[in-house]
Structure formats: C-alpha cells, structure tokens
Amino acid sequence: MKRINDLKPTELAIRKKPPADKVIAIAGNPNVGKSTVFNGLTGLNRHTGNWPGKTVTNAQGYCEYRDTAFVLVDIPGTYSLMAHSAEEEVARNFICFGEPDAVIVVCDATCLERNLNLLLQILEITDRVVACVNLMDEAKKKNIEINLQALSEKLKIPVVGTAARSKAGLDRLMEAVKNMPDGETLTFLPEYDKPVEDAISVIQRVLKRIPEIGINTRWLALRLLEHDDRLTNEICGYLNYDLKRDADISVALAQADRILAANGISQETLRDRIVSSLVGAAEEICAECVVFKNKNYNERDRRLDRILASRLGFPVMLILLTVIFWLTVSGANYPSGLLAAGMSELEKILSGVFHALGAPDWLHGLIVHGAFRVPAWVVSVMLPPMAIFFPLFTLLEDLGYLPRIAFNLDRYFKKCSACGKQALTMCMGFGCNAAGVIGCRIIDSPRERLIAIITNSFVPCNGRFPTLIAILTMFFIGAGAAFGGILCAVFLTGIIVTGVLMTFAASKLLSKSLLSGMPSFFALELPPYRRPQFFKVIIRSVFDRTLFVLGRAVAVSVPAGIVIWLLANISVSGGSLLVHGARFLDPFARLLGLDGVILLAFVLGFPANEIVVPIIIMAYMKAGSIAGLESLESLKTLLVQNGWTWITAVSTMLFSLFHWPCSTTCLTIKKETGSLKWTAVSIITPTIAGMIVCMLFANVAKLFI
Amino acid sequence: MNGIGTLKDLRQGQAARVKALLSKGSIRRRLLDMGLTEGTRVECLQKSPAGDPTAYLIRGAVIALRTEDSSKILIYA
Chain A
1 MKRINDLKPT ELAIRKKPPA DKVIAIAGNP NVGKSTVFNG LTGLNRHTGN
51 WPGKTVTNAQ GYCEYRDTAF VLVDIPGTYS LMAHSAEEEV ARNFICFGEP
101 DAVIVVCDAT CLERNLNLLL QILEITDRVV ACVNLMDEAK KKNIEINLQA
151 LSEKLKIPVV GTAARSKAGL DRLMEAVKNM PDGETLTFLP EYDKPVEDAI
201 SVIQRVLKRI PEIGINTRWL ALRLLEHDDR LTNEICGYLN YDLKRDADIS
251 VALAQADRIL AANGISQETL RDRIVSSLVG AAEEICAECV VFKNKNYNER
301 DRRLDRILAS RLGFPVMLIL LTVIFWLTVS GANYPSGLLA AGMSELEKIL
351 SGVFHALGAP DWLHGLIVHG AFRVPAWVVS VMLPPMAIFF PLFTLLEDLG
401 YLPRIAFNLD RYFKKCSACG KQALTMCMGF GCNAAGVIGC RIIDSPRERL
451 IAIITNSFVP CNGRFPTLIA ILTMFFIGAG AAFGGILCAV FLTGIIVTGV
501 LMTFAASKLL SKSLLSGMPS FFALELPPYR RPQFFKVIIR SVFDRTLFVL
551 GRAVAVSVPA GIVIWLLANI SVSGGSLLVH GARFLDPFAR LLGLDGVILL
601 AFVLGFPANE IVVPIIIMAY MKAGSIAGLE SLESLKTLLV QNGWTWITAV
651 STMLFSLFHW PCSTTCLTIK KETGSLKWTA VSIITPTIAG MIVCMLFANV
701 AKLFI
Chain B
1001 MNGIGTLKDL RQGQAARVKA LLSKGSIRRR LLDMGLTEGT RVECLQKSPA
1051 GDPTAYLIRG AVIALRTEDS SKILIYA
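In order, the protein sequences belong to chains A and B. Quick note: the first sequence uses my numbering, first residue 1, plus one each step. Quick note: the second sequence uses my numbering, first residue 1001, plus one each step.
Be a bit skeptical, because a hint or two may be false.
Simulated DEER-style distance windows between Cβ atoms [as the list claims (entries may be wrong)]:
id, chain 1, residue 1, chain 2, residue 2, range
1, A, G214, B, R1041, 35 to 45 Å
2, A, P335, B, R1017, 51 to 61 Å
3, A, G643, B, Q1012, 55 to 65 Å
4, B, A1020, A, A287, 17 to 27 Å
5, A, V603, B, R1041, 51 to 61 Å
6, B, Q1012, A, E288, 26 to 36 Å
7, B, Q1012, A, E64, 31 to 41 Å
8, B, R1017, A, K677, 42 to 52 Å
9, A, V291, B, Y1076, 26 to 36 Å
10, A, R311, B, G1039, 31 to 41 Å
11, A, E288, B, G1039, 14 to 24 Å
12, B, R1017, A, K141, 26 to 36 Å
13, A, E64, B, R1017, 49 to 59 Å
Derived contacts from chain A toward chain B, CB cut-off under 7 Å, selection only [to be verified]:
id, residue
14, S80
15, E99
16, C111
17, R114
18, V275
19, S276
20, S277
21, R311
22, G313
23, F314
24, N408
25, F521
26, F522
27, A523
28, E525
29, L526
Derived by calculation from the structure, the hints in this document are not laboratory data. Just so you know, even glycine gets a beta-carbon here, dropped at the ideal spot from N, CA and C.
Just need the whole structure built from these sequences, with the hints factored in.
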C-alpha cells in the first residue's frame, strides 16, 4: 500500500509579475464563495478551470488596487489545516511556506462559528490575516446579525463584511489588505490549558534563538509537541534546517513532554485539547458577535432537503437529469442544424477558393476535408449542447444540490467500500474526466481516492455526449419525431444510470482486489442552499467551461483531421492506411458488435473523444460516397450503407461510455497518482469493462434477431 | 431520551449533547474539527433516502455521518 500513501497533489507555484507585487492567499472553508470573492477581485479576465463544486486548477489572478499590484492565489477550500488530507496539506504549505504578504480568510456569515476554526488556525501561523465575512446578504435574509466591529476587536485583525456575488464590500476588502501594517501585530491567539502553554513556551524559547527559523515559533512549537514526523520533515526541508538534530531543541522538547506527562496529558489528549481550545474559542467569539434573531433561520433549507434528500430524492434526481437532457437535446437541435448548414456553406466557399487558385486535389482534400471538416463537425455538434448543458448543470451546482446527490448515494458507495464524495467527482466528470480526476482530491482516503480516479471515465464527458446524442437521435428517435426530445433525454438518462451502475460494480471489484480495504471515515457537509445567479452562471459557464472545452477540442481536431485525412488517402498495396487498420481490427471489433472502422476510430480518438465520429465518417466516405453531411439523416444513410444496425448503434454507444480515457485524462491520472501502475489500471479497467459489456450485448442481441 | 446512548440512536428531530468520542487518531481529530467537543449540542435532521448516512446539525452546519462513525459518539440528553 505504500505507493498509495504517496499520492500528493502538485504544489502551488506562484508566478509573480514584478517582485514588488504583493502575494495574497485566499483561504476559507469549501462552499463559502471563495471563488466568487476571487472572481470579483480579479475580474473575469483569467481562466480558473472551475468545475462543479470545485476549484480545480490552482487559480491565480491579478488585481490592482490604488497603484499596488496584487497576485491573488485561490488556495483549496478546507475546514481545517490539521487533519492532513491532500488538500489541507497544499493549503497549509502555501500559508506556511509560500510567504504570502497577506491571507484573506473567507468566512460564511451564515455559519461563522464553524468557519472560525480555520481562521484561528491560520492566525496561529501568520498575523497577516484579513477576515472576509462573506454572504452577508444571505445572513441578512436569515435574520442573522453579525457585529463586524466586535469581531474585529476580538480577533484584532481587520474584518470586512462582503456580499461577493453583488461585489458589495470588495473595495473595502482590498483597502484593508492594502492598509495592513508592515511590522508584526499582536492578533488574537487561542489560549491553551496551562500545562500546554508552559510546554509551548519551553520550546519557543529555544526556537527563537535559531535564526534559520523564519516561521511562527509558537505554531512550530505546537507542531513539534504533536510529534508529527511527516510535518516536521516537511518543515525541516523548507527551513533547510534539521530541527531533529538540534540538541537544544531535543532537550527542550523532552522537557516539554515531561511537563505534559506530569499533568496527565498524553499525545492523544494533547491533540484533543488543542482542537477543543480552538473550537471553544470560536464558540466564545461567536457568542459575543453573532445574534440569531430567528431561531428557525434554516427552515427553508430543511424543507428543501426533505424533498431533495429524502425518499423523494431518487426520483427527483432522475427527473432533474432527464429534464436537463431534454432541454439540452431539444434546445441544441435547431442551432446545431444552423451551424452545420453554415459550416457546409463555408466549406463550399473554401473549396471554391482552392479550385479558383488551381490548388492540387490532395491539398484541397487535406485542408478542406481534413483540417476544416473535422473541427467544423466538432463545433456544430458540440457547441450547442455544451452551451446549454453546462449552464444548467452549473445552476444545480450553484444551488448547492450536488452534495445532496453524494448524500443520497453514499450508502451504495459504502457498500462498494468507496466514498460518497465520489458522486461529486463523477459530476465533475460530466464536464471533463480530467477535471473529475483532479477533483478526486476531495476524497481523503488514498484508497478511495484511487477508486474514484480509476472509475471516473465511466461517466461520459462532454466529448462523448454529442456522439451519444447523435447516435440516439439517428437510430432510436428519428429526427423530427413528436416526442423525440423527451425520448432521447430518457435514453440518455438510462445511459448515465448504466455508467453509474458500472461505477459501483468496478468500485466494488477494485475494493475486493487491487485496492482491498474497508470504507473509511466519512463526513459530508450539506451547505446551505443558495439562490443561483442566473446571468452570472451563464456567463461563467460559457466562458469558463464551454469555450475552454471547445477550444481544446478544436485544437486537437485540426491536426487530427489532417492526420486522419492522410491515413484515409495514402494508399499502400491497394488500400488506404485507414482501410488496412480497420481491416486488421475488424474480426475482433465484430465480436464487440462494432466494425473495424469504429474500433479504429476509438483508437485514433485517443487524443480527444470528440473526433471519433468524424473519423468514422471519413473512413466510410472513402468507401461509399455521399454528397454532404448537413443533416443527421444523411449521416444515418451513410452509416446504414456501411452495415450499421441498431445493434451496432448500441454497441458503439456502450463502447463510447466504457473505453480507455482520453490522453489528457491519462496524463492527469499519471500526474495525480504519480504512478504508471495506477495509470495503467485506469486505462485497463474501463477498457475491459467495455469489451465485456459490448460482447455480451452484441452476442445476446444477435440471438433475438 | 435519558442517560447515555450513541449518536446513531438519535431519531429525526431529536437533539442531544456530546459526552465523549470513542474514535481514535485522525477520525477523532476530524470529529473534533467539526466542533464535536464535549457538551456540544447535536440535532438529528434526517436520514439519507437509502437509510444511511444521517444529516446532523452541528454548530450551525449540516454534516452527514455514517452509522459506523455516529455509533462511536457517546451522547447524553
């Protein structure tokens, strides 16, 4: 199991512009609007790579306030810095060793007491903290009154109330950051029991004499008292000073340990006391600064939970998914047709230009049929559904619904010895499996995190959705059918459910074999519901997700288009390379209910799943011939001419759902697990699953016709 | 509800206070981090549709715990 424990996320790396820039870390619990504060301060002019419920890439942005330039770093949302999950380590290391000029700790005004725990822990590391009490608007709605001035006096740090979604208070926040005094300040520090304080001061006295120690000595003394080897080693590495070899420290530490032992405080109880003191301090502070005028301020949330997370939870989940698909499919239909027609016109013009210039046929083919047609297909088929699906999904995310899905499904994950939060990472996988894989960092147990990483590609990412939708529409609904949209949505939901069931099966299998173990501790916060901000959600998901994914798809499909065209048109001994490849794969592909061309398309589609269908089209076009591909009708004709039946269609959909992850996802898995072995397992698992499912389906289905 | 039981026994709508945590190590740490210190009031809100986990109101936050973990939290009325 050693390898698993080495799982570590990449560290935060900061790109400063000029050295005079001030680096500001933005910390906070998850779901407190950290990213909204970040976006509000930096504007939308940068790409965060935000996916459902999660800041995936380490977002970094710039902001200028009154002639000072700030580099803002959005660090992972955590509840604490002491429990040593991967995310917490990144957050702690950045606050501790990243030498930020200040830390903004974003807190949820409706749940301040819980948020103060993290803030107090950060105060122990650095005195350069500004508290940003966000969601003041929500607190007002819930009749929660917060005395910010009293809070500031208690904590002895600047406290600014904000409602980041309407940008209220953000100016004052930056003002507070800019006005931070340069020297050391005496902030509030949680006080521990007398023996603990005595032990701290014994060690602190020695630490203060060592010039190499450039971090807070009180905090360091506490960590040494806890005898956490892993953290100590990390600190030694950072300070470039071996604390454990220092005789003075060893003597002081031994003395401190004796003080604790004499007072009956063991290692375990020491940790208890430390945490209890923090929690107690938070409680005390809140008692003085927060007034709940309405005791039942959470009533609306509880009522919603009684619908969304009760026995009605499952049907509501399926209905919501179906409705989203229905809106996506029916809404995308018309613009997709329009785009396809436009692209086809453009292609004619492009062809005209080539002919007018007297360009040779091969060049025309390479550019128009290769480099242009493939991305054109990708754009017209992918853009409309994405532009509808992403915003709708983001609305659910904004509402706070996704953690409820994890709550509803956790029991089944537990039965597979996995973690309920895997449901959240699957939701991220809907957008992009690579994002889903990174999102698995929210799962603390390394074993459960690996299971989530390996099974993430069982949810169809955005690159595969259009393929599924197109095949469904062609073979099972018939374009223009009265209830076509609804039927298609129901089928799509069925496909997702199949993917989810496969996830359970694979998770269970992994838990019984390669990754054997028991389900670990599980705690999931169900954050307050929030009214989604429709306009901002649309803007954000279009710019942050849709264009990002589309850009990547187009960037891959242009060179892929050229390569595929070449493969389809370079002839060796009586057939194109594509034909040879397809012929080679054909016998095996037939076993799976596919044909050689389809399987080859999936192989060549490794860089991006979006190009699977264009490859199929191009390969078939060589054999048969077809005028244009403006509509799905003509595409279907082409497919049927090449021997497609409904069995081929279903097998292709199943294989699209269950096969190796795309290259980006594989690279991400390698990066996240740091292990070739687990990357290989992540490739093999869905591939074998797909082969078994397709083989079973195709051969059983053939018995019935 | 009188005397001592575990958090698992709490029914929907009932509330109690934390007496002690039976878990050790990092789990204990996590529970404490959530604010489950001695004397903290906990209210049982609802069970997941599948029967497990259960959502509890702890210091203003709603947190879902599995039976395995809630059965290791001693409570008193």
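Results for each hint:
| no. | hint | verdict |
| --- | --- | --- |
| 1 | A:G214 - B:R1041: 35 to 45 Å | holds, 42 Å |
| 2 | A:P335 - B:R1017: 51 to 61 Å | holds, 58 Å |
| 3 | A:G643 - B:Q1012: 55 to 65 Å | holds, 58 Å |
| 4 | B:A1020 - A:A287: 17 to 27 Å | holds, 23 Å |
| 5 | A:V603 - B:R1041: 51 to 61 Å | holds, 59 Å |
| 6 | B:Q1012 - A:E288: 26 to 36 Å | holds, 32 Å |
| 7 | B:Q1012 - A:E64: 31 to 41 Å | violated, 52 Å |
| 8 | B:R1017 - A:K677: 42 to 52 Å | holds, 48 Å |
| 9 | A:V291 - B:Y1076: 26 to 36 Å | holds, 28 Å |
| 10 | A:R311 - B:G1039: 31 to 41 Å | holds, 34 Å |
| 11 | A:E288 - B:G1039: 14 to 24 Å | holds, 19 Å |
| 12 | B:R1017 - A:K141: 26 to 36 Å | holds, 30 Å |
| 13 | A:E64 - B:R1017: 49 to 59 Å | holds, 51 Å |
| 14 | S80 | holds, 4 Å |
| 15 | E99 | violated, 26 Å |
| 16 | C111 | holds, 5 Å |
| 17 | R114 | holds, 4 Å |
| 18 | V275 | holds, 4 Å |
| 19 | S276 | holds, 5 Å |
| 20 | S277 | violated, 9 Å |
| 21 | R311 | holds, 5 Å |
| 22 | G313 | holds, 4 Å |
| 23 | F314 | holds, 6 Å |
| 24 | N408 | holds, 5 Å |
| 25 | F521 | holds, 4 Å |
| 26 | F522 | holds, 5 Å |
| 27 | A523 | holds, 6 Å |
| 28 | E525 | holds, 5 Å |
| 29 | L526 | holds, 4 Å |
The structure does not agree with the numbered hints 7, 15 and 20 stated previously, though it agrees with the rest.
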